[in-house]
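Asker: Chains as they are written, first to last, in my numbering: chain A, 1 to 77; chain B, 78 to 224; chain C, 225 to 371.
Any given hint might turn out to be false.
[Stated by the list, open to error] Straight-line distance between alpha carbons at most 20 Å, and here's what the computed PhoX-like set of lysine-lysine pairs gives:
#	chain 1	residue 1	chain 2	residue 2
1	C	K226	C	K291
2	A	K36	A	K26
3	B	K144	C	K287
4	C	K291	B	K140
5	B	K144	B	K79
6	C	K325	B	K140
7	B	K79	C	K287
8	B	K144	C	K291
What the hints contain is simulated information worked out from the structure, not anything from laboratory work. In this text the structure is predicted, and so the values were computed from the model without any measurement.
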Amino acid sequence: IGEIQRFIRDDGSVKVSRSLKEIGNKIRKKKDELTKQMGRSPTIHEIADALEITPEEVVHAQEAAKSPHSIHETIFE
Amino acid sequence: MKNEMTVEFSSRSENESFARVTIAAFISQLDPTMDELTEIKTVVSEAVTNAIIHGYNNEEHHKIWMKCTIDDSGEIELIIKDDGIGIANIEEARQPLYTSKPELERSGMGFTIIENFMDSVEVTSSPGSGTTLHMVKQLAKTKTVYN
Amino acid sequence: MKNEMTVEFSSRSENESFARVTIAAFISQLDPTMDELTEIKTVVSEAVTNAIIHGYNNEEHHKIWMKCTIDDSGEIELIIKDDGIGIANIEEARQPLYTSKPELERSGMGFTIIENFMDSVEVTSSPGSGTTLHMVKQLAKTKTVYN
Ligand SMILES: Nc1ncnc2c1ncn2[C@@H]1O[C@H](COP(=O)(O)OP(=O)(O)O)[C@@H](O)[C@H]1O
Ligand SMILES: Nc1ncnc2c1ncn2[C@@H]1O[C@H](COP(=O)(O)OP(=O)(O)O)[C@@H](O)[C@H]1O
Ligand SMILES: [Mg+2]
Ligand SMILES: [Mg+2]
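With the rest of the complex left out, here is chain A (with noise of 0.2 Å):
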């Protein structure tokens, strides 16, 4: 299942919901080690070169990890 998600992922078929939920994620562990590191909020585009992404990906991906997008996400993560 491994290789078919990641050929998936390759090929640019796999869903916005699912992909920002992933990039979202990691942009919550990222603020918050960063956090602890420089004893201050980080900003967005300490985060986005933390996690070498755009600030463009920062901000549509932050609010996607908000909450469940689908059906789907919830039967197969």
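Once you have looked at the hints, place chains B and C with the ligands on chain A.
Answerer: Below, chains B and C with the ligands alone, put in the same frame as chain A:
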């Protein structure tokens, strides 16, 4: 130098999330902290939810406007406006815990949250002529503006 | 059921990114694939960049409009409009590799990319009265709308 955007969207509940991302995307040009970003998004949630639920009684075919102006100093001016039923007694509405819809299990804390996260909040409203929130927030430090 | 938004923003290059996130947030309600999302964002980049660079000659105080309508069938209607200098010969402008600003190392591929990623692209423009792109894209499958 000022940068400005105005967005108009349908009074549908799924657009609360859309409005949150839109403001976050615009504000991110000032490189806010994640906490500042969360605060502004929360303000947008509360104001947009109020417009939908109270202003438009959950009717989905109306319009909500959000206008934001930012400048290099990190000042954010935010206006959220509906053309809904309006508010008769603004002072009462702004009281913590006041809600006109207790049956919906509303907390009555929307305005209090908004006031808490913004430096200034001005409410213009009257029955039949909609509600406008005019808010200002200065980000904590002057940060580099990324283009 | 249709959902609609219109956003108006300054013709500043940093708003290209803002426009990309705004469209992404709105379209995400249809839960597209990552590829579909990337395509739409690319289209927005190309159209907004054209408005800024060509339509407004990089003057930052003008306005650009983006309107998007989506429905449960997964159809996306996207309009991007400027009030800039306009295009004298639309057919020529749409040719692959044609650019009126070769000195800027433009690729001349903007329109071609837009046409490639959208199902239909209609350009309305004339010198002095700005440029409007009217585009439609149907997402691959009918998807559930998640709120
Ligand atoms: N946009 C609006 N249009 C009409 N009435 C509003 C609007 N926003 C707020 N109100 C009124 O102000 C009251 C308090 O709002 P709020 O503090 O957000 O509490 P809640 O939304 O939980 O009722 C609402 O119950 C409503 O009567
Ligand atoms: N919004 C616009 N306003 C004025 N002219 C435009 C606009 N969009 C495109 N054009 C014209 O069409 C040409 C082709 O556009 P495009 O295919 O994006 O190539 P490029 O941007 O690399 O020049 C541009 O060079 C310009 O002359
Ligand atoms: Mg409220
Ligand atoms: Mg171009």
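Asker: Now tell me, hint by hint, if it's right for this structure.
Answerer: Now the hints, each set against the structure:
1. Proposed proximity of K226/C and K291/C is supported: the alpha carbons are some 13 Å apart, at most 20 Å.
2. A distance of roughly 16 Å separates the Cα atoms of K36/A and K26/A; the hinted pair therefore holds under the 20 Å criterion.
3. For the hint linking K144/B to K287/C, the alpha-carbon distance of about 14 Å falls within 20 Å, and the restraint holds.
4. With a C-alpha separation of about 14 Å, the suggested pair K291/C and K140/B falls inside the 20 Å cut-off, and the hint holds.
5. For the given pair, K144/B sits about 13 Å from K79/B by alpha-carbon distance, which is consistent with the 20 Å threshold.
6. About 40 Å separates the Cα atoms of K325/C and K140/B, which puts this hinted pair outside 20 Å; it is violated.
7. Simply put, K79/B and K287/C have alpha-carbon atoms about 13 Å apart, close enough for the 20 Å limit, and the pair holds.
8. At most 20 Å may separate the alpha-carbon atoms for a hinted pair to count; K144/B and K291/C meet this at roughly 15 Å.
The structure shown violates just one earlier hint, number 6.
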